[in-house]
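Start from chain A and add chain B according to the hints.
Number of protein chains: 2
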Amino acid sequence: MASAALSQESLYALQNKATQLRIESVRATSEAASGHPSSCCSAADIVATLFFSVMRYDPKNPKALNSDRFILSKGHAAPLLYAAWAEAGLFPKSDLLKLRTLASDLEGHPTPRLPFVDMATGSLGQGLPVGIGIALNAKSIDKLDHRTYVLMGDGESVEGSNWEAAEVARQYNLDNLCAIIDVNRLGQSDPTMLQHNMEGYRARWSGFGWHAIVVDGHDIAALVAAFDEAARTKGKPTVLLAKTFKGHGLSFMEDSPNWHGKPVPKGEETQKAIDELTKQLKPGNGTVHINPPAAATLPPATKTALPPSPYKVGDAAATREAFGVAFEALGSANSSVVGLDADVKNSTYTDKFGKKFPNRFLENFIAEQNMVGAAAGFAACGKVPFVATFAAFFTRAYDFIRMAAISQSNIKLVGTHVGVSIGEDGPSQMGLEDIAMMAAQPGVIVLYPSDATCTYRLVEAAANHKGMVYIRAGRPKSTVLYGPEETFPIGGSKVIRQSADDALTIVAAGVTLFEALKAYDQLKAAGIAVRVIDLYSIAPIDQATLIASARATHGRLLTVEDHYAHGGLGDAVLSAVSAEGVKVHKLAVRVIPHSGKPDELVDHFGIGARSIVEATRQIIK
Amino acid sequence: MASAALSQESLYALQNKATQLRIESVRATSEAASGHPSSCCSAADIVATLFFSVMRYDPKNPKALNSDRFILSKGHAAPLLYAAWAEAGLFPKSDLLKLRTLASDLEGHPTPRLPFVDMATGSLGQGLPVGIGIALNAKSIDKLDHRTYVLMGDGESVEGSNWEAAEVARQYNLDNLCAIIDVNRLGQSDPTMLQHNMEGYRARWSGFGWHAIVVDGHDIAALVAAFDEAARTKGKPTVLLAKTFKGHGLSFMEDSPNWHGKPVPKGEETQKAIDELTKQLKPGNGTVHINPPAAATLPPATKTALPPSPYKVGDAAATREAFGVAFEALGSANSSVVGLDADVKNSTYTDKFGKKFPNRFLENFIAEQNMVGAAAGFAACGKVPFVATFAAFFTRAYDFIRMAAISQSNIKLVGTHVGVSIGEDGPSQMGLEDIAMMAAQPGVIVLYPSDATCTYRLVEAAANHKGMVYIRAGRPKSTVLYGPEETFPIGGSKVIRQSADDALTIVAAGVTLFEALKAYDQLKAAGIAVRVIDLYSIAPIDQATLIASARATHGRLLTVEDHYAHGGLGDAVLSAVSAEGVKVHKLAVRVIPHSGKPDELVDHFGIGARSIVEATRQIIK
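Protein sequence lines correspond, in order, to chains A and B. Each residue of the first sequence is one higher than the one before, starting from 296 at the first, in my numbering. Each residue of the second sequence is one higher than the one before, starting from 296 at the first, in my numbering.
Think of the hints as simulated: they come from the structure by calculation, not from any bench. Any given hint could be a false lead.
Because identical chains cannot be distinguished in the list, a pair is counted as satisfied if it fits within a single copy or across any two copies.
Lysine-lysine pairs mimicking DSS-like chemistry, simulated, CA-CA at most 25 Å apart [to be verified]:
no. : residue 1 : residue 2
1   : K916      : K878
2   : K529      : K393
3   : K892      : K393
4   : K561      : K574
5   : K531      : K772
6   : K916      : K388
7   : K598      : K651
8   : K916      : K358
9   : K531      : K598
10  : K650      : K557
11  : K557      : K574
12  : K355      : K393
13  : K388      : K607
14  : K607      : K438
15  : K761      : K598
16  : K355      : K438
17  : K577      : K567
18  : K561      : K772
Because the structure is a prediction, the values reported are computed rather than measured.
Excised from the complex, chain A in its bound form (with noise of 0.2 Å):
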């Protein structure tokens, strides 16, 4: 065992580092004149521990392939995190006191800008799942033999995130998991709800089917022994419940419930705390020694194109089936992509791909947080992960969606059944606020095909670009108008229907795509023309075509969309022509919906073929 292992000498050293982490921690905060050294301090045993006993990584090369990764979901222990880097060797400690500048990527909260950080945290919670996707690709995909570790605060594993994650990681027994939960007591504003309550947490974690230790979290040979204990536990992941104390090493601080994240003040205060810290390194010469990771390579990812579209224009089908077709295709081509579900694989037919490809497939069951972080952390890991659920649920998951952005997450989202289209089923299941929510995150590509032919191809697009994607997906068949020869390229629009005469251009994607057509038919019947553009890539926009339409058609546009009226299809279109003074018209759907048939339903909530003409007459009067 390697607690038994641990001689004075090296105990001394450890100590010693904890403590170091401690005074790099204080002084960064207090430089900053920002931060949470309170919540370093709990956790420095831990981290030390973890740094310079238990963990084998390359100092110099975090993304060394088989080198055990640590995430910090209690993101606010951020300088923390920095000084153990810095003690490692990754960068001068000088650094450290840059903390929360611009000038600095040593931020508030850790982001990938650091190349030892997989994925933001800060927005509690996020660790473990992320951590599930890199032990899972580590254990089922890459067959890595490194370690996952998972440092949560006592109160941020109230977030529900980690019961789907905790369920999830049970059930692929990930053994090569180690969650440790800092139970310092303390939150934000009040005492937490379990305190020190230990055989409270061990009762939670043990009744969700993992290995639970409950730990004195500033005993490093204590931590040494449960870290050796949970690496020799197989066939299910650990947790280690380490009882701590905020702001434990300055007598001032520790246990204290007014220094929730509020640093030391400078100057005097500062080098007291710092004084008091110093008395407590210890005599000798003790080094540490950071195990280096296994030699480890992986074959090279496969990667071809897709094979041309199987869709011939008359075709009908749903873009969610095409969807599938595609993701299944793509599955062949490329050995990087993964797919993730919440248990709609037979609706989102992501089940194609995962009977073809189980290893690269993870069932995710009903638990779309844990999905989405888990995709980042398979991103994190190299792979192209697929996440597809109904686009209504993804709202389940926007935090992580959002953190995955701010992380710049190479992970691709598919929302099927949007919009009043799906009929029955009512409101709840209605995606009608997703384009508002993927397009409001920075550098989100947001695709939203009307055909078969097109989705194909925007699935490819989608895994070849490098970044975010949403591809919005609908319910109902359509029928598919562009031939295997055609190309989508990201950004690009087509204009679909065109004259020299025309009154007004539309500007519409999915069901709408296909009632502005028959719009068009009626109004070409009454002797108006009008132009119609397929707008398949919401962001980024084909503002040239757009700006172009409107100007050979009277300064009109008329969009059309099934989605709510804010943040849609219609307001990127006004915000890519906003400085032309262009007149635009939005048709959307502007209340809360109902049941019904989709046909119907279309119509009634204003976004039919009749609202188009109406609107149409309107605006050319």
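Coordinates of chain B only, in the frame set by chain A:
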């Protein structure tokens, strides 16, 4: 014990009710040609036991004050719920055949358009948090002796929100809350993780401190006994873990994985199914008895105007602080107002209210989903709940906000710490998509006060408005612009700088309003007059003033916001003037931001006075 009292005749009568509920669920979904009969059949005995033996309620008045409440968290079993109320006599059984049509409010999933539904369900894992609000209201505020029953699915029990709720319900000893899990073993696309591992369920719920009873969910006598045991269990909530079979009662459907969300085909097959069920009807003339609720009255809620704002022009106060002051005053003025926090009350300043009105304040700890769900529960009891957290963390609860919007719930959300102007904490703590996500939901009022006076009055307006309201509040202190006599109607705006020669109108709110005022001064010094609008109401928006101002300033608008570019204040303005041919330029945060000093970040990310001046010069060139 109730079970002892259950005669054979009564048992038969209850069993017949269950069979009847199955018949009606099959018939209605068959008629609708969509829906989830198998998920109704597994829970039919549970629902029959509750509605016709256990619950005390008025079948003609579902909103009777002291009625036991029933929440169908597994909303896809809606036909079962509808059948129970029809059997209870609330409406004719013939209405059940209008299921899922536009003409009926018996939608695919329940919504509060129906008088017996407190909150829309159908997005899984939301019933229990809502139940917490209702149970806590009964226990701590209104002191009613009704009980709250929440029927959940086994698949949905993985949703983390349930475990947030489990922890909070235990913390507050909600022994008037009873959850039932219909453990029917089968999800939509796969068996559930735990299948029929009933002891696994027990370990989880017991581990979370609940009284857990494993029961045969098709044994009505056992169910009656279990509900009785639940009612007698004091000091903690109870969960019934009911082992059931999906499709129970129909030989071709029972325990089959191929019957999720599938109606029995209309015609012969439906008739066969109904015949099979009809044969299960027991002999005898036993009847069921619905227990009436105990009488109860509540003192009328007080509702008065707030005292004058304590702020004077020129004072310095953050809008989050002013919210805290107003909210405390509101607590005195209106006894229906309730507060909810997720361990940031000393940052959002709801601690003032919490200290003064502890019995109307739920410290929910770090569990934002449960917090919003519980707020909707309070609202369903006639309370006016204010939920405050960092705006960024409302993304965690977006699905709950979405479902509250579908429910047209009377909850008020206050998001503090918006935008890059929070500074050093970095992007994870910056609310930059909150306007997009809130304004996308139809009917949600979105308010964005810039100073303390406006904040104070808008908190009052939010309380007086019937429906969902979101108030966006900032972290840094700002100068008070308005005197206590100023009024701020919802949907209004303030033109705070104007002249006859304005070259352009700047529209802003929050920190950017002050940047606009700085830019105004700088431009004025350079001989350029601009108009400045304080757009404190984003939805609804003051379209008339925006259009009039645009017309008066050469058709030029410049919007500036501490929010991402898509779906924010700028897009709301664009949408309001879109039919006018006005030119609108948007300044907003267009990339993932970074830690730094607030002023520095406002400037760096292009929303400060410097950018406003530059943009103005560019536009008017």
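The hints, checked one at a time:
no. : hint           : result
1   : K916 with K878 : both (14 Å within a copy, 22 Å between copies)
2   : K529 with K393 : neither (42 Å within a copy, 55 Å between copies)
3   : K892 with K393 : between (59 Å within a copy, 12 Å between copies)
4   : K561 with K574 : within (20 Å within a copy, 82 Å between copies)
5   : K531 with K772 : neither (44 Å within a copy, 50 Å between copies)
6   : K916 with K388 : neither (70 Å within a copy, 50 Å between copies)
7   : K598 with K651 : within (17 Å within a copy, 62 Å between copies)
8   : K916 with K358 : neither (63 Å within a copy, 50 Å between copies)
9   : K531 with K598 : neither (34 Å within a copy, 56 Å between copies)
10  : K650 with K557 : between (52 Å within a copy, 22 Å between copies)
11  : K557 with K574 : within (23 Å within a copy, 71 Å between copies)
12  : K355 with K393 : within (20 Å within a copy, 67 Å between copies)
13  : K388 with K607 : neither (62 Å within a copy, 48 Å between copies)
14  : K607 with K438 : neither (41 Å within a copy, 66 Å between copies)
15  : K761 with K598 : within (13 Å within a copy, 55 Å between copies)
16  : K355 with K438 : within (23 Å within a copy, 62 Å between copies)
17  : K577 with K567 : within (18 Å within a copy, 82 Å between copies)
18  : K561 with K772 : between (65 Å within a copy, 22 Å between copies)
Comparing the model with each earlier hint shows violations of hints 2, 5, 6, 8, 9, 13 and 14; every other hint is respected.
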